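Here the protein sequences come in this chain order: A and B. First residue of the first sequence? That's 1 in the working numbering, and the numbers climb one at a time after it. First residue of the second sequence? That's 1 in the working numbering, and the numbers climb one at a time after it.
Please note that a few of the clues may not be correct.
No copy is singled out in the list; a pair is fine if it fits within one copy or between any two copies.
Stated by the list, open to error - The list that follows gives simulated cross-link-like pairs (lysine-lysine, DSBU-like), each with its CA atoms no further than 30 Å apart:
| # | residue 1 | residue 2 |
| --- | --- | --- |
| 1 | LYS216 | LYS315 |
| 2 | LYS216 | LYS309 |
| 3 | LYS32 | LYS309 |
| 4 | LYS32 | LYS315 |
Hints were generated in silico from the structure; no laboratory data involved. As the structure is a computational prediction, the values presented were derived from the model and not from experiment.
Number of protein chains: 2
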Amino acid sequence: MNSSMTSTGDGPRATRPSFADVLSAAERLAGKAVVTPLLESPALNAQVGGRVLIKPEVLQRTGSFKFRGAYNRISMIPEAARRSGVVAYSSGNHAQGVAAAAALLGVPATIVMPADAPQIKIANTRGYGATVELYERASESREARAEQIAAETGATIVRPYDDPGIMAGQGTCGLEIARQAAQLNAPLDMLLVCCGGGGLTSGCAIAMAELSPRTKVYAVEPEGFDDTRRSLEGGTRVANEPGQQSFCDALLSPTPGELTFSVNRELLAGGIAVSDAEVAAAMAFAFTTLKLVVEPGGAVCLAALLAGKVNARGKTLALTLSGGNVDPGTHAEAVAAGIAIIAEARPRLS
Amino acid sequence: MNSSMTSTGDGPRATRPSFADVLSAAERLAGKAVVTPLLESPALNAQVGGRVLIKPEVLQRTGSFKFRGAYNRISMIPEAARRSGVVAYSSGNHAQGVAAAAALLGVPATIVMPADAPQIKIANTRGYGATVELYERASESREARAEQIAAETGATIVRPYDDPGIMAGQGTCGLEIARQAAQLNAPLDMLLVCCGGGGLTSGCAIAMAELSPRTKVYAVEPEGFDDTRRSLEGGTRVANEPGQQSFCDALLSPTPGELTFSVNRELLAGGIAVSDAEVAAAMAFAFTTLKLVVEPGGAVCLAALLAGKVNARGKTLALTLSGGNVDPGTHAEAVAAGIAIIAEARPRLS
Chain A
1 MNSSMTSTGD GPRATRPSFA DVLSAAERLA GKAVVTPLLE SPALNAQVGG
51 RVLIKPEVLQ RTGSFKFRGA YNRISMIPEA ARRSGVVAYS SGNHAQGVAA
101 AAALLGVPAT IVMPADAPQI KIANTRGYGA TVELYERASE SREARAEQIA
151 AETGATIVRP YDDPGIMAGQ GTCGLEIARQ AAQLNAPLDM LLVCCGGGGL
201 TSGCAIAMAE LSPRTKVYAV EPEGFDDTRR SLEGGTRVAN EPGQQSFCDA
251 LLSPTPGELT FSVNRELLAG GIAVSDAEVA AAMAFAFTTL KLVVEPGGAV
301 CLAALLAGKV NARGKTLALT LSGGNVDPGT HAEAVAAGIA IIAEARPRLS
Chain B
1 MNSSMTSTGD GPRATRPSFA DVLSAAERLA GKAVVTPLLE SPALNAQVGG
51 RVLIKPEVLQ RTGSFKFRGA YNRISMIPEA ARRSGVVAYS SGNHAQGVAA
101 AAALLGVPAT IVMPADAPQI KIANTRGYGA TVELYERASE SREARAEQIA
151 AETGATIVRP YDDPGIMAGQ GTCGLEIARQ AAQLNAPLDM LLVCCGGGGL
201 TSGCAIAMAE LSPRTKVYAV EPEGFDDTRR SLEGGTRVAN EPGQQSFCDA
251 LLSPTPGELT FSVNRELLAG GIAVSDAEVA AAMAFAFTTL KLVVEPGGAV
301 CLAALLAGKV NARGKTLALT LSGGNVDPGT HAEAVAAGIA IIAEARPRLS
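Turn these sequences into a full structure, and let the hints steer you where they fit.
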């Protein structure tokens, strides 16, 4: 039994996915997920004095990388169990990924979402044919609600990150980055990954460890939700302080996943935290210069780079833009705020 | 003397560029222009019932395809003449293309721009180091002002479209589309090209005629500025009626170019016109689903497709998103309007 198999039931504690699991995920995703390109912006390169390769998962099916893990994980559910459906809880991107993957695989899906999730994420999740159950973020437990649904219906829970099938699926993003950078003859000094629970980060780290072990992989998080950064520093999982605020709705996980952190502790070079203002400036840069729509949580790596928290001078690095599902009003406000922040910073920078 | 050479001076009337000129342009642009990817959106494919390959020139250096023609044309200016600089007139995208290309080639550039051009286009043109001279669209002739500057300084005029060097440069976009579609094993039934003066359209048509002669190439224009569509129908160049309005600022040329139309008349399958409302809906679709920032003039082909003016069912087609230089406020307004238009149309479409 390979490691992936342990995640398909409720049996023994799941084990970490291997690079072979990432390759298997890539086979399952072939023709289903978009092989997103690795983009390069001469303007961005000039600004940071290095070579930056951008992995725009905003172009992925459902507008974020989450489709990769969801499709891989649901594909691994035995045929008989698929009839009972899947259930997931998510603030939005995992919800859409699971809904779209389930629809493609003909599996009924129920998604438990916070009532205050971005409208675009709720509407899209319903649009993919899933049943959406809204809960109150402050007073209810989404995990408990999902487990109740699973107990009542026999549905399989598709967890957002702490699952080897999910991690291996997200790892296909890192697999593509490594292969595409190699095709460009661009050995990567660094890879920056947007980090919530750590599914994308750990999956990409597994791929890079195999294909480009010299690349230093960093998790980038919002300030106040830098649980992975602080856990890496201390060597053990710590939670975020209660009451923190950030508009990076996709990255508000309370603590690193058990499985994801066991990978990240071993493979990451460190963590970086960015402020909402730095994220807004990055969203504005993405709008004005890259011409990409990036949601707050998807812009944290670009924010770290533009804010000078990573020294790119003379270096080659890749970064993920992990999602682009943002309400138009939120986007317009962030871009306007970001343009003002950039204009204010310019005299100081020059 | 090959055909390209005739465009470098003020000698005899320039002749049409050949496919060989497009190949030469591609050599000059190698490593300078971005080879933009050919993107595919499962959501868009599902919506139109066909396979749509998207050429996002919003990702091009300077945010539009215009860099291609400008860099190619300026590269063709003899070394001695380059010292006297270049002068161009443009509402914005050609301005930025010329400014950036001139800066890369170390050639001084003066750009004559309308005072009411989008602020982002004026600011970016200055940002690339060009001298910007603003003129009043209603009362002054930009051509006359540019010619005056050229006469005074000896600068070479870099025309926006009616020049074989410009056309060949824009043709590299079509060259890439043909090659990328072939790599995807996706023979193109149709190619839709955003059309103002016809530089991109004619250049792409020359490339497709050589590499994919079965592909029907269409020029897409804003309603009221569908001079190429009407000229193709009548077989002779006609001008737009005075007093027309459209927010597609990049596509407001008064009449097809002489040289561009001589190519387009022979190689195009026809023209299509779209309304501003259809363009806003396309900009909204690009925001919500493609996650790309597209300016009004860059969205006309997507608008034609989404409005059902092209029957894509069972077909494979490519379309250009020719530029993404739009002020944030204009973009946010268009996206909001477009979302409302899409929501209103939905019951009727389903």
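Now for the hints, and whether the structure bears them out:
| no. | hint | in the structure |
| --- | --- | --- |
| 1 | LYS216 to LYS315 | within (12 Å within a copy, 44 Å between copies) |
| 2 | LYS216 to LYS309 | within (15 Å within a copy, 50 Å between copies) |
| 3 | LYS32 to LYS309 | between (36 Å within a copy, 29 Å between copies) |
| 4 | LYS32 to LYS315 | between (33 Å within a copy, 20 Å between copies) |
Checked against the numbered hints listed earlier, the structure breaks none of them; every hint is satisfied.
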